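K.L.:
Here is how the chains run, residue by residue.
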Amino acid sequence: MSGNIWIYIAVMAVVTYLIRMLPLTLLRREIKNKTLRSFLYYVPYVTLTVMTFPAILTATGDIRTAAAGIICAIILAWKKQSLPVVAFVSCAVVFVTGLVLGLI
Amino acid sequence: MSEKKTNMFIQGIKDGFPIGLGYLAVSFTLGIQCREAGLSAFEATIMSLVNLTSAGEFAALTIIKAASSYLEMAVSQLIINLRYMLMSFALSQKVEPSLPVGHRLGISFGVTDEIFGISIGLKGKLKPSYSYGAMAVAVPGWTLGTFLGVVMGNVLPASVVSALSLALYAMFIAIIMPKAKEDKHVAFACLMAMVFSAVFTYAPLVKDISAGSRIIILTIVLSMAAAVIWPVEDTQGS
Numbered sequence: 001m002s003g004n005i006w007i008y009i010a011v012m013a014v015v016t017y018l019i020r021m022l023p024l025t026l027l028r029r030e031i032k033n034k035t036l037r038s039f040l041y042y043v044p045y046v047t048l049t050v051m052t053f054p055a056i057l058t059a060t061g062d063i064r065t066a067a068a069g070i071i072c073a074i075i076l077a078w079k080k081q082s083l084p085v086v087a088f089v090s091c092a093v094v095f096v097t098g099l100v101l102g103l104i
Numbered sequence: 105m106s107e108k109k110t111n112m113f114i115q116g117i118k119d120g121f122p123i124g125l126g127y128l129a130v131s132f133t134l135g136i137q138c139r140e141a142g143l144s145a146f147e148a149t150i151m152s153l154v155n156l157t158s159a160g161e162f163a164a165l166t167i168i169k170a171a172s173s174y175l176e177m178a179v180s181q182l183i184i185n186l187r188y189m190l191m192s193f194a195l196s197q198k199v200e201p202s203l204p205v206g207h208r209l210g211i212s213f214g215v216t217d218e219i220f221g222i223s224i225g226l227k228g229k230l231k232p233s234y235s236y237g238a239m240a241v242a243v244p245g246w247t248l249g250t251f252l253g254v255v256m257g258n259v260l261p262a263s264v265v266s267a268l269s270l271a272l273y274a275m276f277i278a279i280i281m282p283k284a285k286e287d288k289h290v291a292f293a294c295l296m297a298m299v300f301s302a303v304f305t306y307a308p309l310v311k312d313i314s315a316g317s318r319i320i321i322l323t324i325v326l327s328m329a330a331a332v333i334w335p336v337e338d339t340q341g342s
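Protein chains in written order, with the working numbering: chain A, 1 to 104; chain B, 105 to 342.
It cannot be assumed that every hint is accurate.
[Said to hold, decoys possible] Ranges between beta-carbon positions, derived for each pair:
id, chain 1, residue 1, chain 2, residue 2, range
1, A, Leu99, B, Gly210, 44 to 52 Å
2, B, Ile313, A, Ile7, 19 to 27 Å
3, A, Arg28, B, Val259, 47 to 55 Å
4, A, Asn33, B, Val325, 12 to 20 Å
Please keep in mind that the hints were generated in silico from the structure rather than gathered at the bench.
Predicted model, so just to flag it, every value in this text is computed and none were measured.
Just so you know, even glycine gets a beta-carbon here, dropped at the ideal spot from N, CA and C.
Let the sequences and hints guide you as you build the complete structure.
P.N.:
Written out as structure tokens, the structure reads:
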């Protein structure tokens, strides 16, 4: 890597803290602009989707085990299970699928 | 510390405990990826301690691996963590208006999806001692997990590491899915995000755009399009 790792970490930390701190500290009224509020409403879900797909297909190194894990995650998330439960059980499904595929 | 403050602090620890455990598991996989990106255990541990953000750190590794500019790092963190700004706005309505600036600065450090979730779910006003209690278990969980991922990731069998690589993504699905189920506009926006993200990853020409830029561009364009087409009446409290 060519950039300095400590500068990267400092940039991340400062930007992330300012985002968290400024509204809570400075603004005591809601944003009135409807479009801006709506934009902020959609941002987390769109950004997480872009980060997840299609990278998730290659995450485990085998699309078959990834597919099993994805289906499991979707079903558990659909049933509104907590984040750690969805993460842990999906990983377990990937692991078991890998074992089964290794046997056949 | 008065008795009431102590009670709120302990309540925060109790509610934060499952979060801390979850963080420990998820940040372990982050640690494995830090190692792959070339970070030492010390660098990765400090990164987690001062950032406390799964999606942000995860995206940062892509940028560090690609040796992208500091500006690209700053913009990516701004965009990916923009949701914290929304949460911070919501929390500003949840604390006492008279809460001193010092406590506001303290609470701000612990604004994550999960801590926000338990804080906003409280009855009445949010007391700073509650936030500090939750942070007292969540921050060590997140930091320790990252450290263990870097130093122990390579002693685990490849099959286990491969399975754990799905954890972060599974957690993201767990954040997206309940919302998409409840709001079909969010569902459609996410569907479009999947289509465009796949196109930008594989199609000629656009696939040369870096992963960090792809996340930023698609998030801004698609979220703005959704905001214009389907404006939201009430974005608070959800």
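K.L.:
Against the structure, test the hints numbered earlier, and report the numbers of the ones violated in rising order.
P.N.:
Hints that this structure does not satisfy do not exist here, as all of them hold.
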